[in-house]
Amino acid sequence: MSTVEAAVGYKASGTLPIWAEVRRQASRRRTQMALGFMVLLPVIVWAAFEFGNSSRGDDDGDGGGSFSSIADLATSGGLNFALFCLAVSAGFLLVVVVALFFGDTVASEASWGSLRYLLAIPVPRARLLGVKLIVAGLYSLLALFLLVGTALLIGTVRYGWSPMGSTIAAEIPPAEGLARLLGIVAYLAVTLLVVAGLAFLLSVLTDAALGAVGGAVMLWILSSILNQIEALGDLRKVLPTYYTEAWRGMLSTPIQSDELAKGAISAVIYATLFWGLAFYRFTRKDVTS
Amino acid sequence: MPDLTAGLRRALSRLPRRRVLPAAAALVVLAGAAVWAVRPTPDAWTTEDLRITGADVELDARFYLPADRDGKVPAVLLAHGFGGSKDSVREDAESLAGRGYAVLAWTARGFGRSTGQIHLDSPDHEVKDAQRLLDWLAERPEVSTDGPGDPKVAAVGGSYGGALALMLAGQDQRVDAIVPQITWNDLSQALVPGGVFKKAWAGYFFGNGGASALGLLGGGDGPGRGGEIPATDPACGRFAEDVCKAYLQMATTGVPDETTLALLRKSSPATILDKIKAPTLLIQGAVDTLFPLSEADANARGIAATGTPVKVAWFTGGHDGGEGPTSDSDRLKFLTVQWLDHYLKGEGSAPSDDFTFSRVAGFSALDRGLVTNGYSTDTYPGLSGSGSTEVTVEGTAQPIANPPNGNPGAISSMPGLTGRLSSVLSGGVALDVPGQHANFESAPLTGAVEVAGSPTVRLRVASPTGEAILFVKLFDVDQNGAATLSAGLVAPIRLTGLPADIAQAQPVSVTLPAIVRQIDAGHAVRITVATSDQAFLTPAQPATYTVAVEPALTLPTLTGKPIADPGALWWYALAGVVGVILLGLLALLAVSRIRHRRRDVAVVEEHANTPLVVNGLRKAYGDGFVAVQEIGFTVARGQVVGLLGPNGAGKTTTLRVLMGLTQPTAGEIFVFGHRLVPGAPILSRVGSLVEGPGFLPHLTGEENLRAYWQATGRPWEDAKFSEALEIAGLGDSVHRKTRKYSHGMRQRLAIAQAMLGLPELLVLDEPTDGLDPPQIAEMRRVLQRYATDGRAVLVSSHLLAEVEQTCTHAVVVNKGRIVASGPVSDIVGDSPSVQLDVSDVPAATRILEDLGVRSVKTEGTSSLIVDMNGAARSEVVASLVGAGIGVDRLVPRRRLEDAFLSLVGDNSRGSGDR
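In order, the protein sequence lines correspond to chains X and W. Per the UniProt record's numbering, residue 1 is the first one in the first sequence, and the count goes up by one each step. Per the UniProt record's numbering, residue 1 is the first one in the second sequence, and the count goes up by one each step.
Since the hints were derived computationally from the structure, they do not count as laboratory data. Hints are supplied without guarantee of correctness; some may be wrong.
[Claimed, not checked] Below, in silico cross-link-like pairs of lysine-lysine (DSS-like), each with a Cα-Cα straight-line distance of 25 angstroms or less: (1) X/Lys-11 x W/Lys-737; (2) W/Lys-737 x W/Lys-720; (3) X/Lys-285 x W/Lys-815; (4) X/Lys-237 x W/Lys-333.
[Said to hold, decoys possible] Which bits of chain W does chain X cover? Going by a derived footprint, with three or more residues having C-beta under 8 angstroms, they are: (5) 109 to 115; (6) 149 to 161; (7) 710 to 719; (8) 790 to 802.
No experiment lies behind these values; they were computed from the predicted model shown. Glycine residues also receive a C-beta, built at the ideal position from the N, C-alpha and C atoms.
Using the sequences and the hints given, assemble the complete structure.
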């Protein structure tokens, strides 16, 4: 009686190695474009500051609000420049990029028809999703760090290595400022888990990559709009976008951390829910693409 | 209308039921959550609107009672701020009632729907009204008492109401505890600080005391809602005559006369502090240019002098700053409840003597407000802090001009415009007029100074008139030169008997308003002495003074223990959530591992050497469509089996189940005796092409094959890569991106991919699709060669000729069922029927029937299909010819064709494309 079940060399846990998936994605134009834009954005911002008209410094009427503070101080040093680049991209650009990495990953394989051949190798379905998830996460992190890294580099070369300033709280010394900046990056990464979860779930549910990416971004925007309606009261607190601005708490001294913790809880729960649903659905569904 | 409903029904029926149910469930859950979130909660209190007779007026009042009270409850007299009404304290009243207190809120005389005139918390009027309210409370059966006519009661209120609480406690010993907030100690000091009339605030209040009172302090709704407003004197509004006169006198001259002073003093708690025996919790705001921290300090010292328990708390807010950040209002609410619970209900231990205050930490993360951090010290340090830091300010004596009638004037605060706390606190409005102020600045500080209290500085002033009114301010100047006037607070001073020459001027000590601020390292401190301020009344005559500031500036410092941030709890909650998720994940992994171990790995011995056995396979989709009714067949080693059927016969569905893409509804599949389920490792011994190729369009053909093999995780040398490439026969095109491939090239590449690693069972769906005839011929040879060395091939096709030429065995399916199966040679063998083309069909039919054949069917105009039933063909032809019927053609038919064509003929549309 033969107990050799699989082909020689086949091991379920060895299928679709992470580096193989990294390479599958790396050669794609959209991956390269998304990552490239992360590098390009700080350059554009820098050029805007250099060549834009210098009527900044006018009171824009929001009475020293936190955003104008971040914008006004953007050219005061590398840390502030990186902070500004993060602030302008956190609301939309990063959302789109993360939605792209997570929403495209399964749906595009389905639309190419290559998904069924991966499953017939067979790559166990849970493993396929797990590897796709990890690699999409790695690319998202890479995008985030490319953005911050480039901004930090350009900002430091052009504006110097100076303390991180904000108009109300004390200046933060460079070393601690860098730690705070990394903290902000970490928090943004955590809040983006919601987009990641949503896009990934949609990616599993649909064969159209564009639908998954666009759907996730649309739902995110919808949540942001609902979040603007103050009449909703406490109901807003369950919106996935309610705590997206909490990273500003990192700029106070000492750090206001409770909103960060609440935002992280919200994001982690949403991401777990969405990913859980994605795994549940994908490991049971008939692949018809 | 019927059309509409029919349309709707059609639209609904189009939605698959399995999607509708979860979607509906999700909708119900969402709607439920929304309803739950906005549901009206049953009130924890009951209210009763009343008219209560005061000293000589009727008071508009509302009595709140806790809904579920056990016996009698202590009471709280809740007083509103100036210009407010019983409605302005509604939230606080409800909150206290919810905590088990009977709350009596009323509109003070002269406001809203209460009658009478405003006497400024006069002991003869407003305070007496409050005493009548105490009498009234003592009569209520719901209110607990200390004795007959003596209710257990606390007085709570802010600003105007806070002073009333103090005055009442001084005048009536029945009050058991008081919580006065942001209120005054001495009204003459508050309105005429340093002898300079605070015209902006005074005018603001005077304007609001009239009939047209807008809401202010405590966000009152004003009397506007009340309806009838008594006709009033246009000059005095609802102010009592003496109060009105006092204001007019003060505002005209800038210096209060004896009568005015007497009236202000009478309305000041300062006169009765020694009589207050009720434990007092004093809450004062640090962003308050009307009643600064010094007012609460004077109250605290006066009350504590007689041994009455006093506790002080500061917060970042006040008449300029409003309620302050949530962390502050939460702290104050906690302190108030703690105070009342202990001194009224006797619950909880006595509140300690500790002192709490807050300092701005930065911007709020979620809105553009500020956030503060709370600090505590063991005892109340007063306004001089627990220590002090000397800072040296520099600057020579400078001349500054007093503008006539105070215009243009410097701006420090904007009374009545409770702006955003951030702009008030960061001194966003502060503005000094050139020529009217002198600056004296320190060097940048080497370390941060935590200032809490009143800084002091000494000033020398010379004036040609011998008099001067000056405004002394302390700015925090950051590295970029931006100066911040903390909370907009200034110290006005009126100096007399000054020399004309600065050299002869004697130093005067000036106590600046108490501030709570951390001046960071690297920031400088600037003392500004100005001649004008729009918030104050300054001399009408122009003059030029000379001012000099002594170098020593004393900053009181106070270092508190940070109050534990309740936010830390959220981090534990986060850790908990992540922990639970990780545990859940581990549990899932463990369960799946156990399941993996327990899964059926038994090899069915009888099939162990057979590449493929399909038994009773059935697939029904969720919407009721049955793609495969029942299919069973076997592929043995060395066979090339053709799965033949029209489009939609269920071929592809069968192959999908074979690849583990689709779960069968019933039946089982064995590959080499191993049960095949989705993802089963045995699939690694099956190579497949189902429903066309699937390649990554951005990779070349070769890269695609490599990427595929890498995904298997198997050793490279097992791929037999070059052999596969040879089969693909793409030549140099293998280095082009697959998105540029023709259909046939993709098809060949896909077959090559299926053959990578030379799997023992090859499953190909319509492999010749898109190939040209020579390639088809080549493919036949490849497949026949492949099925050697114990390997087997399963090919699906809807083309009879292809199966006939390629396969050793065939399985014919239609509508999800097997119609025929067996070796091709068997199936292809001669059929008992022939096709006859004759010149006269009816005549031929008659003759044939006479010959005793089994059946005759007409096909077309001149053809007959005849089942010969053993009759010889030659005999049939001879009979026909003998009867004079022309026979054009006789074609023997084959079994497979019979089976297949009859199926296709019956239903060439198939049963749906799956």
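Hint-by-hint comparison with the structure:
Between X/Lys-11 and W/Lys-737 the CA atoms are separated by roughly 30 angstroms; this puts the pair beyond 25 angstroms, and the hint is violated. Simply put, W/Lys-737 and W/Lys-720 have alpha-carbon atoms about 22 angstroms apart, close enough for the 25 angstroms limit, and the pair holds. Between the alpha carbons of X/Lys-285 and W/Lys-815 the distance comes to roughly 24 angstroms, so the proposed pair stays at or under 25 angstroms and holds. Distance hint between X/Lys-237 and W/Lys-333 is fulfilled; the C-alpha atoms sit about 23 angstroms from each other, no more than 25 angstroms.
With 0 residues having a beta carbon nearer than 8 angstroms to a beta carbon of chain X, the segment 109 to 115 of chain W misses the requirement of three or more and the stated coverage is violated. Taking a C-beta to C-beta cut-off of 8 angstroms, the segment 149 to 161 of chain W contributes 0 residues in contact with chain X, too few for the three needed, and the coverage statement is violated. Check on the segment 710 to 719 of chain W: 7 of its residues sit with their Cβ under 8 angstroms from a Cβ of chain X, so the three-residue criterion for coverage holds. Note: the segment 790 to 802 of chain W has 0 residues with beta-carbon separation from chain X under 8 angstroms; the three-residue rule is not met and the coverage is violated.
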